[in-house]
Amino acid sequence: MIIRRYLFKEVITSFFAVLTVLLLIFIGNRLAHFLGLVVEGELPARMLLKMLAVIIFTSLDILLPLSLFIAVLIAFGRLYKDSEMTALSANGVSLADIYRALSLPVLLCVALSAAASFYITPLAVGLRFQIREQAKAEPELAAIQAGGFTQSADGRWVFYVEEITPDHQQMKNVFIQGAGKDGMDVYVAAAGHQHQDETSGDYFLILQDGYRYVGQPGQAAYQIFQYDEAAIKLEPRDVVPLTRDIDSGSTLQLWRSDKIENIAELQRRFSMPLGALLLSILGVLLSYTTPREGRYAKLFGAILIYILYNNLLGIAQSWLMQGKTSPLIGIWWVHALLIVFIVALVLRRYGLDWAWMVVSGRVTRRVTS
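Just so we're aligned, residue 89 is where the sequence shown starts under the working numbering, counting upward by one.
Simulated from the structure, these hints should not be mistaken for lab results. Possibly wrong hints are sitting among the right ones.
When the alpha-carbon atoms are kept at most 20 Å apart in a straight line, the in silico EDC-like pairs for lysine to aspartate or glutamate are as follows [what the hints assert, rightly or not]:
{"id": "1", "residue 1": "97", "residue 2": "185"}
{"id": "2", "residue 1": "138", "residue 2": "221"}
{"id": "3", "residue 1": "260", "residue 2": "297"}
{"id": "4", "residue 1": "321", "residue 2": "273"}
{"id": "5", "residue 1": "412", "residue 2": "346"}
{"id": "6", "residue 1": "321", "residue 2": "290"}
{"id": "7", "residue 1": "347", "residue 2": "335"}
{"id": "8", "residue 1": "260", "residue 2": "316"}
{"id": "9", "residue 1": "321", "residue 2": "286"}
{"id": "10", "residue 1": "321", "residue 2": "285"}
{"id": "11", "residue 1": "260", "residue 2": "317"}
{"id": "12", "residue 1": "260", "residue 2": "250"}
{"id": "13", "residue 1": "321", "residue 2": "297"}
{"id": "14", "residue 1": "169", "residue 2": "98"}
{"id": "15", "residue 1": "412", "residue 2": "316"}
Work the whole structure out from these sequences, hints included.
Here it is in structure tokens:
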């Protein structure tokens, strides 16, 4: 019981620490991408945090198995480095005992991975699609940010607004420059707001209390008009219809479907918790190090194995969708290869006879050999 609690604490602590680091790396990577979309006007700034929150949940089905794998490597790497595994072996703890003690934290993490793969991630992908649709449907002024220059979708106008309300409806100190029929058009207004015509559905920027300057650049002759109110029509965006991703469908819908792409996606979802279980078993075997090597000695090689495994899953899913493999074989052959690799490691370390006796609990020595 003491060993179970000790291993539970070691693995769970490492698991959440690794998951936090991976999430921070992932968020940092995606944040740069989304900030670029905000600058380009493809994503309103007020939707940035919402999109980041959703993106975090779309990554859980991949990050959870990886976090568990690395957590097991780190936790047992420390136990080997500090000779605690040697002490456990000397006290009659077999490999089977280690896996039994490890079963609770591993099964909890596998359950989290299953929940993410079957429910949380598909739901988050659907929400991401809705946010993208909403961003596409936003009027052009939604992309304007206070204190910065923004170009219209058709490239005709350049906007500068000193102050703007969070709903992008009311503006103060507006500057607009664009190409008109008679040359360069420049509008300066004390205030402005957005208006949608109920009949046509067109959007207009209504400017109040300002001046309009019309003329040719480089020439002294230009016209100045003072206005109480002026309207500039905002051209609609060139909206490309979005296609809903397959991975946004519910697991129940995929289960009932006989389409090959849905079958491939369903198998991928089942692969996430199964992979988490197999990787945790592999992690114990790969974590063996001598005290001189250090707790992270096998981490690099283990990450390479994970990358190969994950890439093979992607290839297998692609082959299944292309009809190169049958649904019966699907992507299961990748897991079969991993199982063969795990068995090979056990046989290499303990031998066939020793492996059987160690796993069955009949022999406790050489667990750390």
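A quick look at each hint next to the structure:
1. 97 x 185: holds (16 Å)
2. 138 x 221: holds (14 Å)
3. 260 x 297: At roughly 11 Å apart (the allowed maximum being 20 Å), residue 297 and residue 260 satisfy the hint.
4. 321 x 273: At roughly 14 Å apart (the allowed maximum being 20 Å), residue 273 and residue 321 satisfy the hint.
5. 412 x 346: holds (17 Å)
6. 321 x 290: holds (7 Å)
7. 347 x 335: Holds, because 13 Å separates the two Cα atoms, which is no more than 20 Å.
8. 260 x 316: holds (15 Å)
9. 321 x 286: Roughly 14 Å between the alpha carbons, so the hint for residue 321 and residue 286 holds.
10. 321 x 285: holds (10 Å)
11. 260 x 317: holds (14 Å)
12. 260 x 250: Measuring from Cα to Cα gives roughly 6 Å; hence the hint holds.
13. 321 x 297: Holds, at roughly 18 Å.
14. 169 x 98: holds (14 Å)
15. 412 x 316: Not OK: residue 412 and residue 316 at ~69 Å, beyond 20 Å, violated.
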